[in-house]
Amino acid sequence: MRILAASRIYAPEPGAAAYRLAATVRALREAGHHVEVVTTRAPGARRSAEGISRWPVLRDRSGAVRGYVQYASFDLPLVFRLLARRRFDAVVVEPPPTTGAAVALAAALRRRPYVYFAADVSSDAAAGIGVNPLVVAVLRAAEKRVLSRAAAVLSISAGVSAAVAALTGGRARVAEVGTGIDTEMFSLAGPAAPAAPVFVYAGTMSGIQGAGIFVDAFLQIMDRAPQARLLMYGQGVELAELRRRAAPAGDRIRFMGVAGGAEIASVLRGAAAGLASGRPARGYDFAYATKAFVSLSCGAPVIYAGVGPLRELVAETRLGHSVDWDAAQVGEAMLAVLAQPVPESERRRLSAWVEENYSLHRVGKRAAAAIAAAGSGR
-11 MRILAASRIY APEPGAAAYR LAATVRALRE AGHHVEVVTT RAPGARRSAE GISRWPVLRD
49 RSGAVRGYVQ YASFDLPLVF RLLARRRFDA VVVEPPPTTG AAVALAAALR RRPYVYFAAD
109 VSSDAAAGIG VNPLVVAVLR AAEKRVLSRA AAVLSISAGV SAAVAALTGG RARVAEVGTG
169 IDTEMFSLAG PAAPAAPVFV YAGTMSGIQG AGIFVDAFLQ IMDRAPQARL LMYGQGVELA
229 ELRRRAAPAG DRIRFMGVAG GAEIASVLRG AAAGLASGRP ARGYDFAYAT KAFVSLSCGA
289 PVIYAGVGPL RELVAETRLG HSVDWDAAQV GEAMLAVLAQ PVPESERRRL SAWVEENYSL
349 HRVGKRAAAA IAAAGSGR
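Taking this note's numbering, the leading residue of the sequence shown gets -11, the next gets one more, and so forth.
In case anyone wonders, no lab produced these hints; they're calculated from the structure. Do not rely on the hints blindly, as some may be mistaken.
Claimed, not checked - Quick list of the computed label-pair ranges, beta carbon to beta carbon:
1) Thr305 x Arg231: 33 to 39 angstroms
2) Arg231 x Arg159: 40 to 46 angstroms
3) Gly178 x Gly245: 18 to 24 angstroms
4) Asp48 x Glu344: 34 to 40 angstroms
5) Ala235 x Gly20: 51 to 57 angstroms
6) Pro268 x Ser50: 22 to 28 angstroms
Just so it is clear, CB atoms sit at the ideal spot from N, CA and C, and this is done for glycine as well.
Construct all of the structure, not just a fragment, from the sequences and the given hints.
Structure below.
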């Protein structure tokens, strides 16, 4: 079977969507399918490679393909890129819904099915962060249409499945494939930074994630932990504001920019803890913060703040500390980690737990099976 995969980001560009799609593509190829990835030119990536077609795209000041103008710079050419491809059997597409709409149009013109990979429901998230209600209404209508007409919707969790069903009135054909991380890249094996009282946040810094809770917490406890440092990896719309808020800490809070998986894994292997959050009432209360699994897979316990399925999972499975969306509680969790560092045996347990339960390899295989079934009309 010939399958196209369309996404605004793809490996080696870091991000959950890029890693998820790469695992799916790998599983499809292992199953004997021919797959071509239709994506963007990315920093650090070759312009094109066998099986990967890259195209120029607009990026924001932080280097991300984020924002309606940036999305359009990928989505509009994408329609023609798909129409120009030789015969194919199915297209799998990553969010946002605007890219889904572009793929839906091209697939309809080519009379081929498409599969939508739903990591969330974008219109719910847009409403949660206060986007103009008119924009939300248009986005919701487009997303409902894209999801309802897909041959299959790949969902990463039960919460996403329920949100998709609610949006489409149960018309979407949902296949729940789960969520996970690359446990080969993010593991205990490999170079490690020296063990140190360091907290690591690695991910997007926007109103949805609310990474500022960790900056505020660190400011509250830094005088009680004079050796501790906070490293913030990533980018996002709140980056400038977080830099301003972190100024009183000097170089004890460092903003490291975007880094590759190998660098982040190395730092986490020696870190006191990784940080992850689910900010309440932002439309993502059902979401998994995969950065928590990245931390755990590298052997670092996680401090999780806020809501979502990880809140209970971290507590029940003894993966670290799980607290409210409250800077004081986060700060106390930081102090508790520093007071009682985890032994090597515990780091091995955390890493093995992720491999067993949240390996992206398994997600890719389930997604590949669902895409193949949709492409064959089953």
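Status of the hints after comparison with the structure:
1. Thr305 x Arg231: 33 to 39 angstroms: This hint holds: roughly 34 angstroms between Cβ atoms.
2. Arg231 x Arg159: 40 to 46 angstroms: Given about 45 angstroms between the Cβ atoms, the range holds.
3. Gly178 x Gly245: 18 to 24 angstroms: holds (21 angstroms)
4. Asp48 x Glu344: 34 to 40 angstroms: With a Cβ separation near 38 angstroms, Asp48 and Glu344 satisfy 34 to 40 angstroms, so the hint holds.
5. Ala235 x Gly20: 51 to 57 angstroms: Holds - the Cβ-Cβ distance for Ala235 and Gly20, about 55 angstroms, lies within 51 to 57 angstroms.
6. Pro268 x Ser50: 22 to 28 angstroms: Between Pro268 and Ser50, where Cβ atoms are some 25 angstroms apart, the hint holds.
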